[in-house]
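2 protein chains.
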Amino acid sequence: MSGLDEFGEIARLFRPLTRGAPGAFELKDDAAVIPSRPGFDLVVTKDAVVEGVHVPKGEAPDLIARKLVRVNLSDLAAKGAEPAGCLLAVAWPRAYRLKDRERFVLGLAADLETYALPLLGGDTVAMPDGPLTASLTAFGWVPEGRMLRRGGARPGDLVLVSGAIGDATLGLAAVQGEIEDPDGSLTYRYRLPEPRLDVRAALRRTATATADISDGLIADARHIAEASEVAITLDLEQMPLSRAAATWLEGQPDTTAALLRLASGGDDYEIVCTVPSGVRKPAGFTVVGRVSEGAGVEVRALGRTLEAGAGGWRHG
Amino acid sequence: MSGLDEFGEIARLFRPLTRGAPGAFELKDDAAVIPSRPGFDLVVTKDAVVEGVHVPKGEAPDLIARKLVRVNLSDLAAKGAEPAGCLLAVAWPRAYRLKDRERFVLGLAADLETYALPLLGGDTVAMPDGPLTASLTAFGWVPEGRMLRRGGARPGDLVLVSGAIGDATLGLAAVQGEIEDPDGSLTYRYRLPEPRLDVRAALRRTATATADISDGLIADARHIAEASEVAITLDLEQMPLSRAAATWLEGQPDTTAALLRLASGGDDYEIVCTVPSGVRKPAGFTVVGRVSEGAGVEVRALGRTLEAGAGGWRHG
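Respectively, the protein sequence lines represent chains A and B. Quick note: the first sequence, position 193, residue 193 per full-length UniProt numbering, numbers continuous. Quick note: the second sequence, position 315, residue 315 per full-length UniProt numbering, numbers continuous.
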């Protein structure tokens, strides 16, 4: 019950994905080996993707696989870790034919190639019914004791985000037909996020706390505040927006509500981090808030503080 | 999307399962850390369990969790690894209420306590429909370069199994109402297998190749034969049987077919291994076959060689 060998045809497709990693034993064993690397810690993370929840129902199998890889690499990126390998578990729905399974593996292969991530093993199982459900366990190396944490923000630090915020939640709205997406850029950002592995060195040099933005800027900033036992104030007008999101925002009658929507939607897979105020801001990052003593997240927009109601953030 | 924190109530139940492991960061981070251990390799394995496939439909949530832990620990046992930690991904079906989720976590807690296995992190997600689907990633340590492998059997070696074979497949038949199970021992062995962590030292001392028996004795012996590039002959009359299985066997009109059934059923979670013929057989193991040059598995019973047909093994 291992080695991804339940389907002969699929096993042949999976095998090259080991990229020759010796610890994968060509996926012919019950388990894989990751040799210790003196002076380094192994960062381990595991996120699952369910069709109809994390990806639209009926999403192309290759894109589901690629999103699975990317959301897990996003966690490694936020922790400053160098990707080292992964394990896959996938439950194939009955409706998945061989060509769907092949397409899933081809999507997986494409991204494992892009990110040079060896597949070390895992498990494929058949599911009598239900949506495609898959999880990836991703491994990465950091210098000993140097994993970037959610806990570590200090009063006086600035809060920064990478890239642009809110495209993915608009992309989901576009997929659902709620908004226009003339050039497809919003949809693309939702369906195929780009893990920010490129900013790892900058984060390791400057950040006191980090998280990737999977639940939404406000929610992930709150994770940092809670783990660091500090308060965070976010100013939503400072949020960096793509041209498409800025265009969408201009068309909204209620700017505050629109900003809240961008800051509450998930799936950005950008990085939110805190850095000491005296440090040079890393390229590609934007200041969106600050850290103070206290607890929780304060959200401001258009000069006002917004309040969190039972149903989420609303006008103060 | 990590830290098992999607449900507040459940997070409180999960948190103590870290057993204070510093790398788990109280499940408050995006990822966990496993420090390198010079002189040791990290063994990693990942098996999934789907309700209605690996456990009966409607199985008690706590027993699903416990089986999930045990099938993964069985892989570590077969590899000679000392359990070190785990990551969980679980997709809750819509029908799972809070008390079902709690019951799952309580079952998980019971076995993580039994096996002293810290929970380091993972992901909990909601599923719109479908059966409970969960995977565990298990980590264990072995001395550097010493993971026991499927590949390693040599011509002349003997094939041994631990414990008794076939109870679990009879237990499944009992669960399905096909056979009697007066004292419940067969059902118990199916629902709650015992990973053979107790034989790790003996295996490390003597075995040239190992696998746990999850797919059935014949299938898992074949995994060893393939990975080792040798032939294996199994004599099914030598299979160690429990009292309950022996009683069942006596009542069968076709002994050969019955033996084949016991050797083809999965879920034993015993160990099949090969040892050099001159080595003292470890306690609790039984010789069931031998290794020779060649390829594949030859299965013998009642003095005859059986043949594998398209539909599985049958009388020769």
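It is possible that some hints are incorrect.
Treat identical chains as interchangeable: a pair holds within one or across any two.
As the list claims (entries may be wrong) - Here are the simulated lysine to any residue pairs, SDA-like style, with alpha carbons at most 25 Å apart: (1) K57 <-> K99; (2) K99 <-> R300; (3) K28 <-> A295; (4) K281 <-> P22; (5) K99 <-> D254; (6) K99 <-> R261; (7) K57 <-> T286; (8) K57 <-> Y96; (9) K99 <-> P282; (10) K57 <-> A95; (11) K28 <-> G156; (12) K99 <-> R243; (13) K99 <-> D129; (14) K28 <-> E144; (15) K57 <-> A257.
Everything labelled a hint here was simulated from the structure, so no lab data went into it.
These are the hints, each one checked on the structure:
1. K57 <-> K99: within (18 Å within a copy, 28 Å between copies)
2. K99 <-> R300: Answer is neither: 50 Å inside a copy and 38 Å across each miss the 25 Å cutoff.
3. K28 <-> A295: Classified as between: cross-chain Cα gap 15 Å, same-chain 50 Å, threshold 25 Å.
4. K281 <-> P22: Cα proximity of K281 and P22: none, with 40 Å in one copy and 31 Å across.
5. K99 <-> D254: Cα proximity of K99 and D254: none, with 46 Å in one copy and 41 Å across.
6. K99 <-> R261: neither (38 Å within a copy, 33 Å between copies)
7. K57 <-> T286: For K57 and T286, the Cα distance exceeds 25 Å both inside one copy (34 Å) and across copies (51 Å).
8. K57 <-> Y96: Result: close both inside a copy and across copies, 13 Å intra and 21 Å inter.
9. K99 <-> P282: Classified as neither; 44 Å inside a copy, 47 Å across copies.
10. K57 <-> A95: For K57 and A95, the Cα distance is within 25 Å both inside one copy (13 Å) and across copies (19 Å).
11. K28 <-> G156: Cα proximity of K28 and G156: across copies only (22 Å, versus 53 Å in one copy).
12. K99 <-> R243: For K99 and R243, the Cα distance exceeds 25 Å both inside one copy (38 Å) and across copies (46 Å).
13. K99 <-> D129: The answer is both: 18 Å in one copy and 24 Å across copies each meet 25 Å.
14. K28 <-> E144: between (31 Å within a copy, 20 Å between copies)
15. K57 <-> A257: neither (28 Å within a copy, 45 Å between copies)
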